[in-house]
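Residue numbers (our numbering), protein chains in the order written: chain F, 1 to 481; chain S, 1 to 481.
Hints should not be assumed to be uniformly reliable.
Since copy identity is lost for identical chains, a pair holds within one copy or between any two.
[To be verified] Using 20 Å as the maximum straight-line C-alpha spacing, the simulated SDA-like pairs for lysine to any residue come out as follows:
#: 1; residue 1: Lys348; residue 2: Gly306
#: 2; residue 1: Lys198; residue 2: Asp186
#: 3; residue 1: Lys404; residue 2: Glu431
#: 4; residue 1: Lys341; residue 2: Gln308
#: 5; residue 1: Lys341; residue 2: Gly306
None of these hints come from the bench; they were simulated from the model.
Number of protein chains: 2
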Amino acid sequence: MRNHLYSVILAGGSGTRFWPLSRELYPKQLLKVLSDRTLIQETVRRVTPLIPAERVLVVTGAQHAEAVRFQLAGAGVPKANFLVEPIGRNTAPAIGWAAEAIRRRDPEGIILVMPSDHIIAEDGEFIRAVELAVNVAQEKWLVTFGIKPSRPETGYGYIQAQPKRLLQSQDELTALAVARFVEKPDLPTAKRYVRSGKFYWNSGIFLWRADAILEETKKSLPVLYSGLSRLGDLLDTPDQARAVEEFYRDAESISIDYGVLQKARRVAVIPAPFRWSDIGNWRSLEEVADKDQAGNVCIGPILDLGSQGSILYGEQRLVATIGLTDMVVVDTADATLVCPKDRAQDVKRLVELLRERKAPEQLIHRTVQRPWGSYTVFEEGPGYKVKRVTVTPGGRLSLQMHHKRSEHWVVTAGVARVTCDQRVFDLHVNESTAIPLGAAHRLENLGETVLHVIETQCGDYLGEDDIVRLADDYGRSELKP
Amino acid sequence: MRNHLYSVILAGGSGTRFWPLSRELYPKQLLKVLSDRTLIQETVRRVTPLIPAERVLVVTGAQHAEAVRFQLAGAGVPKANFLVEPIGRNTAPAIGWAAEAIRRRDPEGIILVMPSDHIIAEDGEFIRAVELAVNVAQEKWLVTFGIKPSRPETGYGYIQAQPKRLLQSQDELTALAVARFVEKPDLPTAKRYVRSGKFYWNSGIFLWRADAILEETKKSLPVLYSGLSRLGDLLDTPDQARAVEEFYRDAESISIDYGVLQKARRVAVIPAPFRWSDIGNWRSLEEVADKDQAGNVCIGPILDLGSQGSILYGEQRLVATIGLTDMVVVDTADATLVCPKDRAQDVKRLVELLRERKAPEQLIHRTVQRPWGSYTVFEEGPGYKVKRVTVTPGGRLSLQMHHKRSEHWVVTAGVARVTCDQRVFDLHVNESTAIPLGAAHRLENLGETVLHVIETQCGDYLGEDDIVRLADDYGRSELKP
Numbered sequence: 001m002r003n004h005l006y007s008v009i010l011a012g013g014s015g016t017r018f019w020p021l022s023r024e025l026y027p028k029q030l031l032k033v034l035s036d037r038t039l040i041q042e043t044v045r046r047v048t049p050l051i052p053a054e055r056v057l058v059v060t061g062a063q064h065a066e067a068v069r070f071q072l073a074g075a076g077v078p079k080a081n082f083l084v085e086p087i088g089r090n091t092a093p094a095i096g097w098a099a100e101a102i103r104r105r106d107p108e109g110i111i112l113v114m115p116s117d118h119i120i121a122e123d124g125e126f127i128r129a130v131e132l133a134v135n136v137a138q139e140k141w142l143v144t145f146g147i148k149p150s151r152p153e154t155g156y157g158y159i160q161a162q163p164k165r166l167l168q169s170q171d172e173l174t175a176l177a178v179a180r181f182v183e184k185p186d187l188p189t190a191k192r193y194v195r196s197g198k199f200y201w202n203s204g205i206f207l208w209r210a211d212a213i214l215e216e217t218k219k220s221l222p223v224l225y226s227g228l229s230r231l232g233d234l235l236d237t238p239d240q241a242r243a244v245e246e247f248y249r250d251a252e253s254i255s256i257d258y259g260v261l262q263k264a265r266r267v268a269v270i271p272a273p274f275r276w277s278d279i280g281n282w283r284s285l286e287e288v289a290d291k292d293q294a295g296n297v298c299i300g301p302i303l304d305l306g307s308q309g310s311i312l313y314g315e316q317r318l319v320a321t322i323g324l325t326d327m328v329v330v331d332t333a334d335a336t337l338v339c340p341k342d343r344a345q346d347v348k349r350l351v352e353l354l355r356e357r358k359a360p361e362q363l364i365h366r367t368v369q370r371p372w373g374s375y376t377v378f379e380e381g382p383g384y385k386v387k388r389v390t391v392t393p394g395g396r397l398s399l400q401m402h403h404k405r406s407e408h409w410v411v412t413a414g415v416a417r418v419t420c421d422q423r424v425f426d427l428h429v430n431e432s433t434a435i436p437l438g439a440a441h442r443l444e445n446l447g448e449t450v451l452h453v454i455e456t457q458c459g460d461y462l463g464e465d466d467i468v469r470l471a472d473d474y475g476r477s478e479l480k481p
Numbered sequence: 001m002r003n004h005l006y007s008v009i010l011a012g013g014s015g016t017r018f019w020p021l022s023r024e025l026y027p028k029q030l031l032k033v034l035s036d037r038t039l040i041q042e043t044v045r046r047v048t049p050l051i052p053a054e055r056v057l058v059v060t061g062a063q064h065a066e067a068v069r070f071q072l073a074g075a076g077v078p079k080a081n082f083l084v085e086p087i088g089r090n091t092a093p094a095i096g097w098a099a100e101a102i103r104r105r106d107p108e109g110i111i112l113v114m115p116s117d118h119i120i121a122e123d124g125e126f127i128r129a130v131e132l133a134v135n136v137a138q139e140k141w142l143v144t145f146g147i148k149p150s151r152p153e154t155g156y157g158y159i160q161a162q163p164k165r166l167l168q169s170q171d172e173l174t175a176l177a178v179a180r181f182v183e184k185p186d187l188p189t190a191k192r193y194v195r196s197g198k199f200y201w202n203s204g205i206f207l208w209r210a211d212a213i214l215e216e217t218k219k220s221l222p223v224l225y226s227g228l229s230r231l232g233d234l235l236d237t238p239d240q241a242r243a244v245e246e247f248y249r250d251a252e253s254i255s256i257d258y259g260v261l262q263k264a265r266r267v268a269v270i271p272a273p274f275r276w277s278d279i280g281n282w283r284s285l286e287e288v289a290d291k292d293q294a295g296n297v298c299i300g301p302i303l304d305l306g307s308q309g310s311i312l313y314g315e316q317r318l319v320a321t322i323g324l325t326d327m328v329v330v331d332t333a334d335a336t337l338v339c340p341k342d343r344a345q346d347v348k349r350l351v352e353l354l355r356e357r358k359a360p361e362q363l364i365h366r367t368v369q370r371p372w373g374s375y376t377v378f379e380e381g382p383g384y385k386v387k388r389v390t391v392t393p394g395g396r397l398s399l400q401m402h403h404k405r406s407e408h409w410v411v412t413a414g415v416a417r418v419t420c421d422q423r424v425f426d427l428h429v430n431e432s433t434a435i436p437l438g439a440a441h442r443l444e445n446l447g448e449t450v451l452h453v454i455e456t457q458c459g460d461y462l463g464e465d466d467i468v469r470l471a472d473d474y475g476r477s478e479l480k481p
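Take the sequences, apply the hints, and build the full model.
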């Protein structure tokens, strides 16, 4: 049965409520939150004990596809397994496309659907729950994973179980039939749900046979289903790209929960034996992060005197706090957030304001990841910009030129192979060179240690879009033949 | 009478409770708080409508003397008017020394004593109050300036007036005889004082004849007085430096309030017609800063949604706040502080912790002021440090060499005159040079605009103490003949 198990990882989210850690170009799934891996890397790592990378499919948007592919390069997910949506249409079309692709590859295929930007604290328990779900799904149940609610959250959907309809069990794990789904209830209702003991948060993690979810889609969303069938017929043909475009152009934007699950008959819920968070906002970090004795979550260089119940997050700079109660403090290289925990959902409004103002703090980070490494902007002023450029071993930037800026490089670690027009030479630590405006140049790390270059740019215009890529290892060349 | 008026500015403070804006090497008086000038520059500017710079004396500690002199270079305070204390001994010895110096220069001398790190909001009103004080002081009263208390502050000294003993008045300004002084009362007492209407905060601003304060010092602190007399005899002689050393070695550490004023008979108080703050901690900024409609003090790039009664202070980075009530948020280049307003005095404890840990965030800022301009550290990592060096027109760094580091310079604004061993040359925008380890070098700005240089240092040791000054315009040369 395990040989038929696939995972579909949904990586289309934007996650504005996790600002200033998340940015428009760096949604939650691309960030490291409580680990050395990003959330999407953690998600893939979490499923691989059961599901090899060749059977992991990733659905993502065009805007983040390059970054998602890059982050999963080391995990062995084949290129063909990345399903790139031209526009976001919520989860029903995304899951439908993946289910079509899997069913045609394996008519017995079973799919574990995983959001890419959630945290699960106990991986072993998660695997156990998936194993039970696989058994239940074999009987054509659509299996959901329910989280025992720790508070009357009004931002989640709830699943009402039928405690007396036990479908299967395994040790203390149970799978129950679902009575109904409820979308974001009001506070009194949510409180009643929590008290009742019959309701679970809908984690957005699902497991079902590909044919079962497609059958239910056919019943509940027949238009979407016929679009999926047309798309399915053209998958792995030269017309696939066009078919995807057309499918998304016409597809209804609807969630799998609302569009299919709420109307389906055979839906099961497995109460999750693991701690889970969708880290939908800063407050929800509490669900999965370790706390100190005063109930604070402290991450980074925090110096605290007597705070309690607070979430304190720093990156490089010192964050000093005194006597806070139930507050959120998040300190990043270019922006700081301070708010009470119960206002964490309003971060979304802040981000909207910043977007209206076209503030860079909404769009990007001071440190920008690239396929070859990263760069960090130290300062940009009139006529100049100063960066640290970090190139991983074997990485090289595109062969490029700039129309409006010169660059000065000083190597502070590693060895740089520099191309500047006709010249190719190595630059060692404490050596420098200047790249004149208009010169075709490239920076490359042939060594086995990380290369650090301090780059000072001079020019009237210093935007990142002043770049002509003459050749690129990562498919980003803009030179048309 | 005005020709006999002097000002003594006390610049010995350390101000740990204003961290992270203040640092051990940057006490409050050296900082810009609500203005483009630093607090000590504002203090000198405030008195100069009445008192020319030649009659302004500044008492400061050895640790901050260079910075104080540099900051007041433009104000025209003569070099001989800086009284540099070898060790801090509280205000009585400092004021005593200044009074001796003034009495010997002008037996009719009248002294306006001003702390250098306070803020006064209405300068015109301040001048009016000083003018009344001068009239009162002529009758050998020691005049204090009292602040009508806005809250039962337990951190201040209080002055009880005798409302029926009106000494002089001028328009609505009055000078009243003082009944007594009270040091930091407990909260119930402070509340009673505020209700009574007879008590004022002791602002630490005083005005008296030099002979009058010395007479009272003789009565109350006879040992200190005889030390002052010995010191006075050697002022302006070749033995002055030694005399100052001896005086401070032996002098009792005591405040003028406790040591002299509390025992004196003829003490007056003028209820201040101006808003005042000693900005002893972040909370006290409220006394003098403008507030928005919700009662927030917002300084710098703040984006707020619905906070009230809070003090929000940023420098360069974006500070985003939601729904704060009575909080303090201070964001600087290398450290952020968040605390409730009523815990602002506990910042002192934080600073003590940081000092124990030898944290750089306690000692210095990322931007360090120098006589020739300033530098800002962008990043320090293994083997390298990156700075922006800013040189004011006419400024030049010392001719110097380093034993353990090389430097790479890129000019991003202005023109640099560079000396590197035997070579002297100009570097324009977008030009660069390298200073090898061991080379005698100098950076100089002969132009009329500010010079900006991006400096990348490479070496095993990058401490600021790896410097041999071969020649220096600012008396900092360490080359012994």
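To see whether the hints hold, each was checked on the structure:
1. Lys348 to Gly306: Intra 29 Å, inter 14 Å, cutoff 20 Å: inter-copy only.
2. Lys198 to Asp186: So Lys198 and Asp186 pass the 20 Å test inside one copy only (17 Å; across, 56 Å).
3. Lys404 to Glu431: Cα proximity of Lys404 and Glu431: across copies only (16 Å, versus 24 Å in one copy).
4. Lys341 to Gln308: both (11 Å within a copy, 16 Å between copies)
5. Lys341 to Gly306: both (17 Å within a copy, 15 Å between copies)
In summary, this structure violates none of the numbered hints.
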